[in-house]
Amino acid sequence: MNLFRHELRTTADEDVFPVTDLVRQDVYDSGIESGIVIIYSPHTTVGITINENADPDVKFDLLYGLDRIFPRSDKGYQEEDGNAFAHLKASTIGASETVIVEHGRLILGLWQDIYFCEFDGPRKRSFYVKVISD
Amino acid sequence: MNLFRHELRTTADEDVFPVTDLVRQDVYDSGIESGIVIIYSPHTTVGITINENADPDVKFDLLYGLDRIFPRSDKGYQEEDGNAFAHLKASTIGASETVIVEHGRLILGLWQDIYFCEFDGPRKRSFYVKVISD
Amino acid sequence: MNLFRHELRTTADEDVFPVTDLVRQDVYDSGIESGIVIIYSPHTTVGITINENADPDVKFDLLYGLDRIFPRSDKGYQEEDGNAFAHLKASTIGASETVIVEHGRLILGLWQDIYFCEFDGPRKRSFYVKVISD
Chain A
321 MNLFRHELRT
331 TADEDVFPVT
341 DLVRQDVYDS
351 GIESGIVIIY
361 SPHTTVGITI
371 NENADPDVKF
381 DLLYGLDRIF
391 PRSDKGYQEE
401 DGNAFAHLKA
411 STIGASETVI
421 VEHGRLILGL
431 WQDIYFCEFD
441 GPRKRSFYVK
451 VISD
Chain B
321 MNLFRHELRT
331 TADEDVFPVT
341 DLVRQDVYDS
351 GIESGIVIIY
361 SPHTTVGITI
371 NENADPDVKF
381 DLLYGLDRIF
391 PRSDKGYQEE
401 DGNAFAHLKA
411 STIGASETVI
421 VEHGRLILGL
431 WQDIYFCEFD
441 GPRKRSFYVK
451 VISD
Chain C
321 MNLFRHELRT
331 TADEDVFPVT
341 DLVRQDVYDS
351 GIESGIVIIY
361 SPHTTVGITI
371 NENADPDVKF
381 DLLYGLDRIF
391 PRSDKGYQEE
401 DGNAFAHLKA
411 STIGASETVI
421 VEHGRLILGL
431 WQDIYFCEFD
441 GPRKRSFYVK
451 VISD
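Chains as they are written, first to last, in my numbering: chain A, 321 to 454; chain B, 321 to 454; chain C, 321 to 454.
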């Protein structure tokens, strides 16, 4: 098997969850030694990103910085009471990440984690992990 | 065949076009059952993104929100009368998206479409679709 | 061989380096004729992007525009004296790019180069290039 689906329930308006361990397990379960892995969100108000795992402030600052440029409310939004801010963050961060696999392991930098970013919660959410062998 | 090229002519300064049906057809024509598909823009003032397909306001709000952070004119741009704003939007949204293929179909969320984003039109444009089997 | 690692030493706080020729050489050395290539940064304050290669102002304007939305200092950052700005730029630009390979060559637009973006230098850095055959 090389396609995996994970479910999660977010508990706040916005949050950032590390999913690296789940992706590592999927790569292990796939048995694939060399290739790439794609982490994909099927939602339009979620982003997948790779960023620092050590300092918890980075998580806060990511959400703060994105809120600063895409405020929850703005007179210019067509859908003024809607969630335009969350769609903008999703397209800015992106719906997926691609990571290289070598010797059955993710090639991540020492400080890198893969994050699931909730921009319009709380909701029941999911994401996919697809491993491609070369 | 697993590489496809599509041409389009944009008609406004900025616009957002769904290309999901073209990508679906390419995946079907490739005959590939399981793998990934890459949608790639060869332009430097275009972005490829995945976002909501249901509410037409989202399209407007995406362009509005990006214009708000990267205005068309700003004294700080080196190339003040140029299209720096469009290059910034292209790098923020990104030149490509990767989508998972399973049982010959795209794994997209119910509300997701794949969009070609024109940031400096109107122009004759193109994009590529590459299907990779696993 | 289809996995390559490159080292570079950045010399400024922020800078943008074309790495297209290195990626071209790696694709050639892999011997792969058709597929995709992933350019990946293992750092949390670096981005990989694709943008214009002709006008040197574009490089300046990219850094200027990102600094405008994510200033180096802001009272809202939890880590006020840290490098939140660089983490935000890294997640906005993204840790990787995927480019299509056909007839052993990169499918890039005439004006496109692949760029390594330093957002918190100067430092010793690296990036990976992975070629996947179809």
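By construction, these hints were calculated from the structure, which means they are not laboratory data. The structure displayed is predicted, hence computed values, not measured ones. Please note: incorrect hints may appear among the correct ones.
[Stated by the list, open to error] Result set (SDA-like, lysine to any residue): computed pairs, CA atoms no more than 25 Å apart in a straight line: (1) C:444 x A:329; (2) B:395 x C:374; (3) B:395 x C:376.
Consistency of the hints with the structure:
1. Note on residue 444 (chain C) and residue 329 (chain A): the hinted pairing is violated, with a Cα-Cα distance of about 39 Å set against a maximum of 25 Å.
2. A hinted pair counts as satisfied when its Cα atoms are at most 25 Å apart, and residue 395 (chain B) with residue 374 (chain C) qualifies at roughly 22 Å.
3. The hinted pair formed by residue 395 (chain B) and residue 376 (chain C) meets the criterion: a straight-line CA distance of about 17 Å does not exceed 25 Å.
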